[in-house]
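Undergrad: Protein sequences appear in the order of chains A and B. Quick note, the first sequence lines up with residues -4 to 308 if you use my numbering. Quick note, the second sequence lines up with residues 618 to 912 if you use my numbering.
If you are wondering where the hints come from, they were derived from the structure by calculation, not from laboratory data. Think of the CB as a built atom: it goes at the ideal place given N, C-alpha and C, for glycine as much as any other residue. Just to be clear, a hint being listed does not mean it is correct.
[Said to hold, decoys possible] Among chain B residues calculated to face chain A with C-beta under 7 angstroms, some are: (1) Thr851; (2) Ile892; (3) Val897; (4) Thr900.
[To be verified] Chain A is faced by these chain B residues, among others (derived, beta-carbon under 7 angstroms): (5) Ala755; (6) Ala770; (7) Gly778; (8) Trp882.
[As the list claims (entries may be wrong)] Cβ pair distances, simulated, as ranges: (9) Leu654(B) - Leu150(A): 32 to 40 angstroms; (10) Leu57(A) - Arg814(B): 42 to 50 angstroms; (11) Ser201(A) - Ala879(B): 51 to 59 angstroms; (12) Gly51(A) - Pro695(B): 52 to 60 angstroms; (13) Lys117(A) - Phe669(B): 39 to 47 angstroms.
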Amino acid sequence: MTAFILKRLGLALITLWVLSLIVFFAGQILPGDAGRAILGPLAAPSAVKALNHQLGVDKPVLEQYWNWITHFPGTSQQYQAPIGPILTSALGRSLKLAVFAFIIVVPLGIVGGVFAALKAGKPLDRTITVIGQSALTVPEFVSGIVLILIFSVWLGWLPVSATAPPGSGFFTSLKYLILPVIPLVLILFGYIARMARVGTIEALGSDYARTATLKGLPRGVMIRRHVLRNSLLPTITVVATQTGYLIGGLVVVEFLFRYQGIGLLTYNAANQKDFPMLEACVLTIGVIYMVVTLIADISFSLLNPRIRLKAAE
Amino acid sequence: MSAIADVEIESAGALRADRQVARREMVRELLHSPAFLVGAFILFVWIVCAIFGSAIAPHDPYAQNLLGINKAPSSAHPFGTDQLGRDMLSRVIVGARDILTIAPLATLLGTVLGTAIGLAMGYFRGFVDDVLGRVVEAFLALPLIVTGVLAVAALGRSNAGLIVVIGIVFTPLIARTVRAAVLQEVHLDYIAAARLRGEGPLYIMFVEILPNVFAPIVVEFTVRLAYAIFTVLTLTFLGFGVQPPSPDWGLDIATNYGVVTAGYWWEVLFDALAIASLVVAVTLVSESIEGVLER
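Same shape as in the complex, but just chain B:
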């Protein structure tokens, strides 16, 4: 009896060591990928702007100067000023704050809920799976933007509402991925062993299965994060997200694009470039992580 227990402990220890080696190798591989480094660097810059934006910004992003409206880029205002004379550079820097709060929180909410539901769908299958499967299909029939517009119209406009809506819309999508991963695991011997040991379903789902389906969940999180940024900015651009006078890239483009035809290109171009750089950075990071994890 004790001999068998010894063997098991040893192999479990070896497994854990193997896993650590694999993880170290993954990190090394990521650090050697130029795509990951470029993406991570841009993302890092925007995160710094989101956290310390007000300290870095040369001017107060809210301060109006009605004597200096619609000024082209100059040494005093490198990105120019907007229709109220506010410094565009400061607004672009501080504008990282709201999007980098709302999108990650929404994605996290969707990932946590989706993982729980996906585990239940994959583990119990049968009726639970069928019912949730139909709900997932129904949600998938609607474009994310349309669902967002519908939900915001029904619930009213607020940042917290935006987080909840996007989180809930992501839930079935993430649940589907987790379910597929769980289905690959439930037939394996360690699940049967846990059942024979008399473990309950909750223990098996969260302690036994969850660690083994963690890789697809991480990939799903990074991919969804890019979608969340896309969706939050688009909803804000449509006027259903962050409200004025907050500095926000989508909102600033919405308020300023009417004057673009008058030649005030700097009032939208830098916001557009900021958005493009952020989404491309997140995509580069998520593609690299996906590439490394799925090998």
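Here chain A stands alone, though its shape is the one from the complex:
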């Protein structure tokens, strides 16, 4: 088991290194003359040169990469301040939004998927599948704008902004997060429901489910004890891989609702050509995704005796 975990960890480190190369390449090499890109075509050559020197992009590529990695996350160009604290507080706010979304969507998706599987082929199954599939392809800003129209403009129930006024209590700030969370929930629901459905259908058709039925277990007990326990395991991994989609969605939702999380920070950095900030944000997003999937992989193998035993051999 330790060997399995170590191997996964090693592979993750290599992937992380490749990822850092991609981000470095996109942020520091691709823009060409970074100083010119930031200051615009009208700036004086001396100013461009000075900025290039300050950014360190006039040095050899390997030295630049080394400096970037050893001084990570570095200094923001637009704020003229260390990136670390800005990034951390933005991450905290995004985490609030993400956790809220997961708390709603995970039970909803699992229940939807299991019900669809139990009624496989029936109208209820088709309705859940079609709704999930459609919700998953509609961009967050589209569902977000329709939600704003309905609940803020026409009904006036919910605020348009995601940020509660300073000093407001837990439930007030939760109320401000309801609208931004729904587009994220819509996107994630389809994936989670689909996985739960496939897993449940597979488990329902298995030999142990048939044995349980033949030995006379009531259907409810059979489903709870034998089917769900096996079918929901793969769903854990899917929920983890959805973090990627979730963060992609955060960029849009935080922009739409003006919420100061890592998504809006990434957007602003790209818009302002604040490359150090952009690189830090993108690499952080990649690391979060990799850590979450790694934890999911390892806990999946710990929970699944078949993988655990195979690894022990």
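Got chain A sorted already, so can you dock chain B onto it with the hints?
TA: Here is chain B on its own, set in the frame of chain A:
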């Protein structure tokens, strides 16, 4: 010798006939699926709008009328007018053009590159496979939108740039699917036979293996097309895609959603419905094709 050759030709001919029958059956099955018909019809309508949009549109989508700004839907302007008095119906119709050019081209680029790399990964395995596998993993760690934002910030904003960026991001994803399909084929006898005949790797990859892994590639293309539409529209909404004053659904929502709170709902609602109908149509078509091909 000649007898053996005859047998082979006959069986190859029979195989081809079988394949034709299977294909005809697939098309018939698709034409009987309501999901496919609905999706294909909506998609067809938008393709017509994309090609003949300027001819169909009742007004010039660029024509401003500063005396008639923010007008609610009426018989003269069924979808109302925007902040510059431009006819929203015309902008929605012509708005199909850019998205239905950029997204399919980007998907095509990614499919072609991804297929070539996937064939190489599956056929050679070993070192090539390991290295490309790590790159695929690294790309997968980033959400598509984030990669797009990073690339557009680095390369600047242009439609061609958008096509290249999305195409390149799709490449490793499609390569992975193709690789998996190729791995199922390389152990089969016809590959060994081709090797014994002395065919080179390029011939085996593109002439022998490619036709046999075509089904997953088609499915991958349609699924990725939906993602490409999703991504292009989102990047445009964020201001990293098509630039004003072009009529584009994502762009129009971005420019008009500030006035929604003033009650001018028609300036974003019809664009939103257009996007929703397009992505749902593509999904219906791709799900139906996937269902038929994978049976």
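Undergrad: Take the hints in turn and mark each one as holding or not.
TA: Status of each hint after checking the structure:
With its C-beta approaching chain A no nearer than about 5 angstroms, Thr851(B) sits inside the 7 angstroms limit, and its interface hint holds. Proximity of Ile892(B) to chain A holds as hinted, the smallest CB-CB distance being about 5 angstroms (cut-off 7 angstroms). A cut of 7 angstroms between beta carbons decides the hint on Val897(B): the least distance to chain A is about 5 angstroms, and the hint holds. Interface hint at Thr900(B): satisfied, since its Cβ lies 5 angstroms from the closest Cβ of chain A, which is below the 7 angstroms cut-off.
For the restraint placing Ala755(B) at the interface with chain A, the shortest Cβ-Cβ distance is roughly 4 angstroms, inside the 7 angstroms limit, so the hint holds. Interface restraint check for Ala770(B): the shortest CB-CB distance to chain A comes to about 4 angstroms, inside 7 angstroms, so the restraint holds. Because the closest C-beta pair between Gly778(B) and chain A is about 11 angstroms apart, greater than 7 angstroms, the hint is violated. For the restraint placing Trp882(B) at the interface with chain A, the shortest Cβ-Cβ distance is roughly 5 angstroms, inside the 7 angstroms limit, so the hint holds.
Distance hint check for Leu654(B) and Leu150(A): the Cβ-Cβ separation is about 36 angstroms, which falls inside the suggested range of 32 to 40 angstroms. About 48 angstroms separates the C-beta atoms of Leu57(A) and Arg814(B), a value consistent with the hinted range of 42 to 50 angstroms. A C-beta distance of roughly 58 angstroms is found between Ser201(A) and Ala879(B), which places it inside the suggested range of 51 to 59 angstroms. Between Gly51(A) and Pro695(B) the beta carbon distance is about 57 angstroms. The supplied range of 52 to 60 angstroms therefore holds.
At about 42 angstroms, the CB distance of Lys117(A) to Phe669(B) agrees with the hint of 39 to 47 angstroms.
Of the numbered hints given earlier, the model fails hint 7 alone.
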